[in-house]
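A.B. asks: Using the sequences plus the hints, can you model the full thing?
One letter stands for each residue in the lines below.
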Amino acid sequence: LAKTTQPISMDSYEGQEVNITCSHNNIATNDYITWYQQFPSQGPRFIIQGYKTKVTNEVASLFIPADRKSSTLSLPRVSLSDTAVYYCLVATYSGAGSYQLTFGKGTKLSVIP
Amino acid sequence: DTEVTQTPKHLVMGMTNKKSLKCEQHMGHRAMYWYKQKAKKPPELMFVYSYEKLSINESVPSRFSPECPNSSLLNLHLHALQPEDSALYLCASSQDPGGQETQYFGPGTRLLVL
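Taken in order, these protein sequences are the chains called R and Z.
Quick note: the first sequence, position 113, residue 113 per this note's numbering, numbers continuous.
If you want this note's numbering, it's the position in the second sequence, counting the first as 1, plus 1000.
I should point out that these hints are in silico values taken from the structure, not numbers from a laboratory.
A few chain R residues that don't get close to chain Z, going by computed Cβ distances all over 10 Å:
| hint | residue |
| --- | --- |
| 1 | Thr5 |
| 2 | Ala60 |
| 3 | Pro65 |
| 4 | Val78 |
Here chain R is said to cover these stretches of chain Z; the calculated rule only asks that three of the stretch's residues, wherever they fall, bring their Cβ under 8 Å from a Cβ of chain R:
| hint | region |
| --- | --- |
| 5 | 1039–1047 |
| 6 | 1095–1109 |
To give an idea of the interface, some chain R residues facing chain Z are shown, with a C-beta separation under 7 Å as derived from the structure:
| hint | residue |
| --- | --- |
| 7 | Tyr32 |
| 8 | Phe46 |
| 9 | Leu101 |
In this text, a Cβ means the ideal position worked out from N, Cα and C, and glycines have one as well.
C.D. replies: Written out as structure tokens, the structure is:
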């Protein structure tokens, strides 16, 4: 089972790029890495997913090195509305069509004006 | 429609009560999930339904009983809960079961057990 480790919190000023790294040292070959954003009193919302190298969408980029033991979520030019908790999720196949879905402890990002 | 709805939004119940949480999605998703989230903690997976059949039960106590009446609905029946069961209960769905599938979450039901 891939255990994930993230920083507990980060602060950033508006307009800056923010990078949040998640460590998953024992990630398995078939595991995917997914990042979710959660605002208070709301359900998590999908941000981005990757398997290896780099993935980019309209809101973020995800960098995954060749050994896949970590991944970095990059948020370009953050705004106050990006203040939220960001979770790294590694889904591990556990056989018979079953998956272990374990969220990291989450990184609370605070964007400062 | 990419929305997962949950009712009620808030629920207060005593330890002897029986109540149910409801979840609905109309995206044609074939996997549905229940998570429990305590304050300042990540969501913890409780149950997964795949094609209307229970596929994952993360050793959840029997006082929580899931039900999937059809492909769009997911219920969580609650009975004889404890105060430590107070939490945000999140429902999610995905197109198919599988670790690489994007999950769409509802807003949750905030449960308080007295």
